[in-house]
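Asks: Starting from the given sequences, assemble the full structure and let the hints guide the process.
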Amino acid sequence: MIDIAPDITLSGKERSELIRLLGREPSTVELQLFDVLWSEHCSYKSSRPTLKEFLPTEGPTVLQGPEEDAGILHFTEWQGVRYGLVIAHESHNHPSQILPVEGAATGIGGIVRDVVCMGGELIGVLDPLRFGDVNGKRADHSIAIARGVVKGIAQYANALGVPNLGGDLFFDRSFDQNCLVNVVAVGLVEEDRVVPSAVPRAATGEKYVFLLVGKPTDSTGFGGATMASRVLDGEETENRGAVQVPDPFLKRVLNVALHDLYDRAQRRGIPFGCKDLGAGGIACMASEIADRGGVGVTIDLDRVPLAEEIPPFVAAVAETQERYGLALPASFVEEALALFNEEYDLPSIYRGARAAVVGEFTEERRVKILFKGETVCDAAVEAITTAPVAARVEGAAPETAVTARHDLPPEKIGGALLAMLASPNGGSAEPLFRSYDQEVKGNALLRPGEADASVILPIHGCPVGAAFTVDGNPRYGALDPWAGGAHAVLEAARNLACIGAAPLGITDCLNYGNPEDPEVFSQFRGGVRGLCEAVRRIGLRDDPGHPIPVVSGNVSFYNQSETGSAVAPSPVICMAGIVLDGANVVTLRLKEPGDAIFLVGRRRGDLGGSLYHDVVHGDRAGAPPRIAWDEETAALHAVSALVGDGLARACHDIGAGGMLFALAEMIVAAGALPAGVSQIAPGATIEIDRIGTGLSPAETLFCEAGGFLIEVDDKGARALCAAAERGGFPVFRIGEVTERGALEVRSGGETIVNLDGACLFDAWDGALRGVFQGV
Amino acid sequence: MSGKLALLIGHRVEDLAARTAEETIRRRLDGGEALESLDREEFWEFRYRTEELFEEKLTALIDRAELFVNPNKHRWRISTGGIAAGHEGKGYLLKVTNREDIDGDVAKHTLTMQYGFRGLEEVRYGVLWIIRLAEGVVGDGPAGDAGRALAEKIAVTKSRDSGLLVNPHYQEWSLERIG
Amino acid sequence: MRKIETARRGDRERRPIAVIQFPGVNCEFETARAVRSAGFAAEVVRWNRTEGMLEKYGGFILPGGFSYQDRVRGGVIASREPVVGIVCEAAARGMPILGICNGAQILVEAGLIPGRTDKVEAALAPNKMPGRTGYHCDWVFVRVDGGASFLSGALGEGDVIPLPIAHGEGRFVSNDAELFPALLGGGQIPLRYCTAEGEVSAESPVCPNGSLLGAAALCNEEGNVLAMMPHPERAAYLYQVPDRIGGAWGDRKSALLEGDASDLFRPGPGAVLFDAFCCAAAEGVS
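Residue numbers (our numbering), protein chains in the order written: chain A, 0 to 774; chain B, 687 to 865; chain C, 269 to 554.
No lab work stands behind these hints, which were simulated from the structure alone.
Beta carbons are placed, not taken as given, at the ideal position from N, Cα and C, and that holds for glycine.
Please note that the accuracy of each hint is not assured.
[Stated by the list, open to error] Just a sample of chain B residues kept apart from chain C, beta carbon distances all over 10 Å, derived:
1) 714
2) 760
3) 772
[Said to hold, decoys possible] Keeping only pairs whose Cα atoms sit at most 25 Å apart, straight-line, the calculated BS3-like set for lysine-lysine is:
4) C:387 to B:781
5) A:150 to B:759
6) C:387 to B:839
7) B:759 to B:743
8) A:411 to A:367
9) B:839 to B:781
10) A:206 to A:51
11) B:781 to B:759
12) B:839 to A:136
13) A:590 to A:714
14) C:324 to B:844
15) A:136 to A:150
16) B:759 to B:839
17) C:396 to A:150
18) A:371 to A:206
19) B:839 to B:776
20) B:690 to B:781
21) C:396 to B:781
22) B:776 to B:743
Replies: In structure tokens form, the structure reads like this:
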């Protein structure tokens, strides 16, 4: 048990500011509270000015921008009801490094609360993951963390009953001592039933009370926010207490009960507010919901259900999981208590869990916390909710080195492809897909692995699909922070285009090292600039002229190794999109022998930061692919429209790995059959001379410049060529789908690659089995 | 050097499985009213033949990795005197293992292949229930003692209203008197 | 098929189906939705609301999820709840009972499946698959041999249908070596894991969990109680079928993806199980 207040991390200047705000020395509770509130994790003190400067957060698709727990995007209207997609993104990097299973599980547990407290019905989670090198000198540790994280995500989300809608996976030695576990949660909400995280304005008329519901408060997760706001110092065991203890079972019951409560209150027109408890615990949650309602709050710690005896400064700010706070009118409270404590019987399914009134909202705009009759905190609401800003210095942008392109004789290209497919960053994520519940809720139209983005039909009977993808390539970020941000958005937009979705908006998670280091801070600024340039250049397909809005997100700093080297700059994007007609989506596997295969997008020999350079030549230097904005954005909108109109049979984007790798994936995707691999078919033959680049075969086939491979019939081919003409982007009819399940590449009248489908499949399928099998 | 040791894992915080089982037995099962308390430990038994300092190596691994123990939730101890050693008070120890112990096999594989444990011959995973009966139920007679019969009745699932802790169709069990 | 048409036309007074919501289950809403699509009313009913249930409902479904967090063993705590006593009573009256995944575990732990005596005669043990342990989510094929169950007549003998599974403990076993052969002989194994071509196997990867005789479902002797590990509610509509599985259903999905939006919500391979269940409910207590 924690009984001595731990050291606080406020700087001398921040401490003086606190004394000025309060007009006196702070109490222990106040010190702990402000320590959390003014931590980087909660206050965004280093990142806020940059985000405000660059990020477009408004537009025709936005219902709720970044100032709430989660953003909301307009989705569709069905039978007279307008629906929105609630979307939130969070990192749980440090906890997952320390305790992988629990850390990752509480990552899911935390992010889903943000969606549920807005009134959203959970419809999916996604998990962008970055782990250390599984073949390097810390391989054992990296593998243990990777396994633990996947297990934690699976255990929590599967039990909660929320399907996995995708993620991405990347292994690199820069994450050896600081993995990245980003988590996205998505919900569906009727737009006029969004739950505010504010005490309703009606509070001035009727008395509103503060109802706390969920797990009894304990000391678990005490200090979590401050842990996330500094460098891990190698003393991982000492930080374990700051990792919360997850319980998806209780969360499931709690969420069902909470939705029941929302429903009853909304049907009767009773205004209420709800907010989840995360960093800063009870004190922080109550202050924010009061502030947004323009009122104050008095919290009585003696009325808080506790799991154990804990001092007031712990009870006030501990991050105990599985709790929500509600602002309810006094006249509705008895019914709410009965709903949680009797109808859903929380106390008997989880010892100590219950709903309890722990305070009330007041006209006086102060946050008061009482403990055994004494006032242990008394501060103006504005003092608590005013976040500090930390001025950070931006260093000079690093020079981008340009390296030689590594060429390869044509006869070695097949071997290089197999090595890439068998590498951790090129292999199949099948072991993850089989560990996660992809099916629960029964909304799946395209699952992770079937296509470049997943699609669900969240409204029964309505053919409009919601599509999701997460992207970010740390190899690019490491070479050029700006390109890391820009390419993440481009890749995401291409992935949506492949299934015919139009982008609606973005939620991002920006992972960097120590922002006090000017070089790192310039990486962060560069990443945000790149991201913003891309969302503006690409824009909304169906509302030209508007940038793709960023409606929620997270910044995670202090991700670095014991020796102080920061992780590869890792802006991670989750892009949500809309599919107007679910019957027109396509999977990425090749389908009909005889169909044409088209390449969309120029090959220019960009090999810097490529999977090919990394795997085959061990070279990670160079410049990431240049971006031909006009051609690439025109192409991706045209492909999106073409697929959306039902004119493509298969579509896959060209990104990491290049064109040949993409084509191989379109063949091996047929192999992931439930009853084992019987045969891999169909296959493909392509003729690269038709591209006419003047590049060598290796430069053409492994170039990572953005593009697409599309399988079309004659009608689709005509439509694609016409679209290319209109849009001013190049397309090449490079080959066709073949009966035989093999990959053949021809150049100069010769076959330079001829690989059997089963051989491709085995390399790809086996890449990660060793990493993820075991305890 | 050959040896055998057990890693016993209990809960720091409330063990919800034990509490729920206890309440279910008391409220729903024949003979359940005689139950005084029910506790639970998970265990891993290791059998090895090695020159290495097995116990030291295992202890270091437990401290370092989240493999068997979550330090936020669990307390643990290593017993070289069998899993029954170190339990106080009067009652019965019910040892439950799965007939096909997949968890144990996988743990052996992981320890050997990934963490470099040599000479590991067998790893077994199971659950140890500590059944304490109300005063007066635990008789002192030898075989056929009423307490033992009652503990078995509570433990071994026969029907919906008899037995909870073991399903003999895939699990093995043994019952041992303590105190 | 004839029986189903009769049921769909059946009288409007028929009683709704109860989908029982134990704490921790997580498939209750989509299961109720699948029942409604079969043309029957369905209600999600909390586990602790047991009054008047026998009179009010025409059949009971125990949906998938993690009731009571799998404390002790999957399904065992829920199986001891009073509401399962009511389910037992309903079963004795001949009402149709369907347990899906965790619901199947509950029915086995309650002794309702295989139900030859009033004892617990079998178990759903942890999955056994080479090279991996624990929870496994994928699509599989099952072959229908309706036998004694209410599936008989609604599905053709030997029909092969794809369904998704998602479980860690789905291996039907018994320590009575004669039980499973006897169940097979008695028509009490209505669904068995098979290849896309319909060849039954108890071996991985065709059988995803090592279940005896490749059993994916068991029913009682009377055939009104069915416990199945696959999730038919996740295959109740055509859009849910992944095209990669091939076969007739994979082709139908591929055709859909070149077809019309109105086809998305047509019945999927799992829908027929709900049709059969509702049909049994419409026939009422025998």
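Asks: Are there hints from earlier that the structure breaks, and if so, what are their numbers?
Replies: 1, 8, 10, 12, 14, 16, 22
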